[in-house]
Each structure stands twice: as C-alpha cells, then as structure tokens.
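**Q** First to last, the protein sequences are chains A and B.
First residue of the first sequence? That's 1 in my numbering, and the numbers climb one at a time after it.
First residue of the second sequence? That's 1 in my numbering, and the numbers climb one at a time after it.
Don't read these hints as lab results, they were simulated from the structure.
Please read all numbers here as calculations on a predicted model, not as lab measurements.
Don't take each hint at face value.
To be verified - Below, computed lysine-lysine pairings styled on BS3-like, alpha-carbon distance capped at 30 Å:
#1 A/K57 x B/K1
#2 B/K101 x A/K71
#3 B/K71 x A/K57
#4 B/K57 x A/K57
#5 A/K14 x A/K57
To be verified - Sample of chain A residues lacking proximity to chain B, with all beta carbon distances greater than 10 Å (derived):
#6 A24
#7 L69
#8 E73
#9 L78
#10 S94
Ideal Cβ placement from N, Cα and C applies to all residues, glycine included.
Residues per chain, in single letters:
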Amino acid sequence: NAGVTQTPKFQVLKTGQSMTLQCAQDMNHNSMYWYRQDPGMGLRLIYYSASEGTTDKGEVPNGYNVSRLNKREFSLRLESAAPSQTSVYFCASSERGGSPYNEQFFGPGTRLTVL
Amino acid sequence: KNQVEQSPQSLIILEGKNCTLQCNYTVSPFSNLRWYKQDTGRGPVSLTIMTFSENTKSNGRYTATLDADTKQSSLHITASQLSDSASYICVVSPLGGTASKLTFGTGTRLQVTL
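Model the full structure from these sequences, guided by the hints.
**A** Structure follows, in structure tokens:
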C-alpha cells in the first residue's frame, strides 16, 4: 500500500502560470483534503471532498480550484499562481469525513515556489 | 476563533533524555485532540488521539495527557532517540465538527542530538 501519493514533489512557477497538483490514495477512503503549510502557521484547509462527487471550500480557498476525479484522486489547481501561494501543499484522506475521530493520512507534500 | 498554541516553539535535547511538549487550546466545546509527528520533508503521522474522557494515553515511548478542564495537553517523550527529531503538531476537533473543522497548532520542532 502506497497510502497517499502526491506529484510533483517540487515545483517552481512564475507569477501568472498555472499548474495542477495531483493526489491519489489507495486506502479506499471516502474523504480527501488539501492543506497548505506555511512557516509559523498551522496547517490550513484549502478544499475538501467529503465523498466522491462533492467538494467544499475550507479556510483558505481563494486562488484555488479542485476536482474529485474519482474515489482515489483529488487534484488541486492554481489557475494564476501568485507569490503568496508559495507554500508546502499536503493532500490527506480519511475513511469518513463526517466523523472527527477518523484519522487523516497525509501525503509527502509538494513544495511550491512562485517567483 | 478557535486556537491551538504549542510550546516551546523548538527544543534541543540530548539522546536518552526525556522531554515534554505543551498544547493549549481554546476550542470549545471539545471533541478530541490528536498529536501528529512530522518528519522533515514528510507529511504528519498520527501518534495518538485523546477524547474528552481520557486523561492519559501511551504509544510506546510517547505519553499524552489531557486536562479538559484547563484545556491543556502534553506529549511526554521518554528516553529520546535520534529518530524522535521531528515537529510535533497538536490538532483539536470541536464537538459536533467534521474532519474539515480541525484546528492545527504550529508545532514544536524537536531536535535530539548526541
């Protein structure tokens, strides 16, 4: 079991460029999440998908879009990257997002730099 | 606004020594608190979860305590090893909240040296 995988591991963009971060899980989890982690701040939720076919905004959704492609895959798109989006992005999944007791399993992260 | 504050921000200890990390939260009403370990360049991994009614829970050399009255938790690491070098993140979930309503602390960065 690979768990949660993310691609790419590193990316450098210029301001205004677009890109998609890919995430896949092989644990048959229903819920998936995208977070960003910035120095001196806790992980912040960007978007989440409680189940296949649904997506909802988190705490910091501006400048991002998501797609729940199927039960396994959840992608995050930056349409026009800005320096403020320089961060480490983590994808996570959990068995059922409706319960706060379900552990979230995190991917290894994507380190994104926007120049 | 729900907050989770962790202290110290960073800590350096000698291998074999014990240490205690603190987590204070304002989340109320409270459902559960989870401690994660995040190795450098990796995603967080859950160490333990504590619910409202639990005071102490151990996972090997890691022991978490919870005082729901004072809204404080601690993570005690016994006989530290070099592999314990990581950031430790406290995460709190509100009562009735879903997994999308977690509040993450900023973490304590622990370095274990020879």
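**Q** Give a verdict on every hint.
**A** Hint by hint, here is what the structure shows:
1. A/K57 x B/K1: Within the cut-off at roughly 18 Å; holds.
2. B/K101 x A/K71: Roughly 21 Å separates the two Cα atoms, so the pair holds.
3. B/K71 x A/K57: OK: B/K71 and A/K57 at ~28 Å, within 30 Å.
4. B/K57 x A/K57: violated (34 Å)
5. A/K14 x A/K57: holds (25 Å)
6. A24: Fine: 14 Å to the nearest Cβ keeps A/A24 off the interface.
7. L69: holds (19 Å)
8. E73: Since the minimum Cβ distance to chain B is about 17 Å, A/E73 lies beyond 10 Å and the statement holds.
9. L78: Holds, because the least Cβ-Cβ distance between A/L78 and chain B comes to about 20 Å, which exceeds 10 Å.
10. S94: Its Cβ does come within 10 Å of chain B, the nearest being 5 Å, so this is violated.
Violated hints, in rising order: 4, 10; the structure is consistent with all others.
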